[in-house]
Amino acid sequence: GENVEQHPSTLSVQEGDSAVIKCTYSDSASNYFPWYKQELGKGPQLIIDIRSNVGEKKDQRIAVTLNKTAKHFSLHITETQPEDSAVYFCAAPRNSGNTPLVFGKGTRLSVIA
Amino acid sequence: DTGVSQNPRHKITKRGQNVTFRCDPISEHNRLYWYRQTLGQGPEFLTYFQNEAQLEKSRLLSDRFSAERPKGSFSTLEIQRTEQGDSAMYLCASSLRVSASTDTQYFGPGTRLTVL
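Keeping their order, the protein sequence lines are chains A and B.
Residue numbers for the first sequence follow our numbering, beginning at -2 and rising by one.
Residue numbers for the second sequence follow our numbering, beginning at 7 and rising by one.
Don't take each hint at face value.
[To be verified] Cross-link-like lysine-lysine pairs, in silico, DSS-like; alpha carbons within 25 Å at most:
id	chain 1	residue 1	chain 2	residue 2
1	A	Lys54	A	Lys68
2	A	Lys34	B	Lys20
3	A	Lys34	A	Lys54
4	B	Lys20	A	Lys39
5	A	Lys55	A	Lys68
6	A	Lys102	B	Lys20
7	A	Lys65	A	Lys19
8	B	Lys63	A	Lys102
9	A	Lys68	A	Lys19
10	A	Lys39	A	Lys68
11	A	Lys65	A	Lys39
12	A	Lys102	A	Lys54
Hints were generated in silico from the structure; no laboratory data involved.
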């Protein structure tokens, strides 16, 4: 089955700076990699996802890159704002073609105004 | 609001009592998932349904846990004889499965269970 490692566990950045969160996965057959943002007391909110047929995907200030050879993918947030402060989780399918997700342990991002 | 909804949002119970949670998925989503999240951890898979069929149960789902989706729409998760170790956030997610590729899951707000 899949194993997902996420780093760092905490990240503090100044408002306006960029933030990068990295995840590695173990199953080379994995083909789908979502990122979720979770605010205190709320459920995870999907912010971006990428499938293995592309290497990068952008949505305004958020981008995800995927390196299938190295089996890692990263979340990039540019021009960070205080409202970006939250816990971010990466995930991958537990088995090839099987959609229950395996999550990383999360990164607590703090954007300092 | 057309997102995933869960009720109740919070539940406090005494050890040994039974509790039941409800999840209403996004309309027309055919898959529904239950996850559990403890403090400082990512969500962990418990079980999931395609329409009314329960396709898989995790080893985390002990015999005290049961989940149903009788009409392929809303789902319930029941925990019998609750233990303090059951205290967690119980998350529901839904997705629309249309092909063999992995489908996108959308989460509800969760039900926070506290067992005293």
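### Task
Take a quick look at whether B:Lys20 and A:Lys39 sit within 25 Å of each other, Cα to Cα.
Holds, at roughly 24 Å.
#### Entry: Restraint status (C-alpha distance of A:Lys68 to A:Lys19 at most 25 Å)
Distance of about 11 Å is within 25 Å: holds.
#### Entry: Straight-line alpha-carbon gap A:Lys39 to A:Lys68, limit 25 Å
violated, 30 Å
### Task
Would you mind confirming whether the straight-line C-alpha gap from A:Lys54 to A:Lys68 stays at or under 25 Å?
holds, 17 Å
### Holds or violated: A:Lys102 to A:Lys54, with C-alpha atoms at most 25 Å apart
With a Cα-Cα distance of about 23 Å, the restraint between A:Lys102 and A:Lys54 holds, given a limit of 25 Å.
### Query
Given the hint that A:Lys34 pairs with A:Lys54, does the C-alpha gap stay at or below 25 Å?
Within the cut-off at roughly 17 Å; holds.
#### Entry: 25 Å Cα cutoff - pair A:Lys102, B:Lys20
violated, 29 Å
### Query
For the pair supplied as a hint, A:Lys55 and A:Lys68, is the alpha-carbon distance within the 25 Å limit?
This hinted pair holds, its Cα atoms lying about 19 Å apart.
### Query
Does the structure keep A:Lys65 and A:Lys19 at a Cα separation of 25 Å or less?
Roughly 13 Å between the alpha carbons, so the hint for A:Lys65 and A:Lys19 holds.
### Task
For the pair we were handed, A:Lys34 and B:Lys20, check the Cα-Cα distance against 25 Å.
Violated, at roughly 32 Å.
### Query
Is the hinted pair B:Lys63 and A:Lys102 satisfied, with a Cα-Cα distance of at most 25 Å?
Distance ~22 Å between B:Lys63 and A:Lys102 Cα, so the pair holds.
### Query
Do the alpha carbons of A:Lys65 and A:Lys39 lie within 25 Å of each other, as the hint requires?
The hint is violated at about 31 Å.
Going down the numbered hints, you'll see the structure goes against 2, 6, 10, 11, while the others check out.
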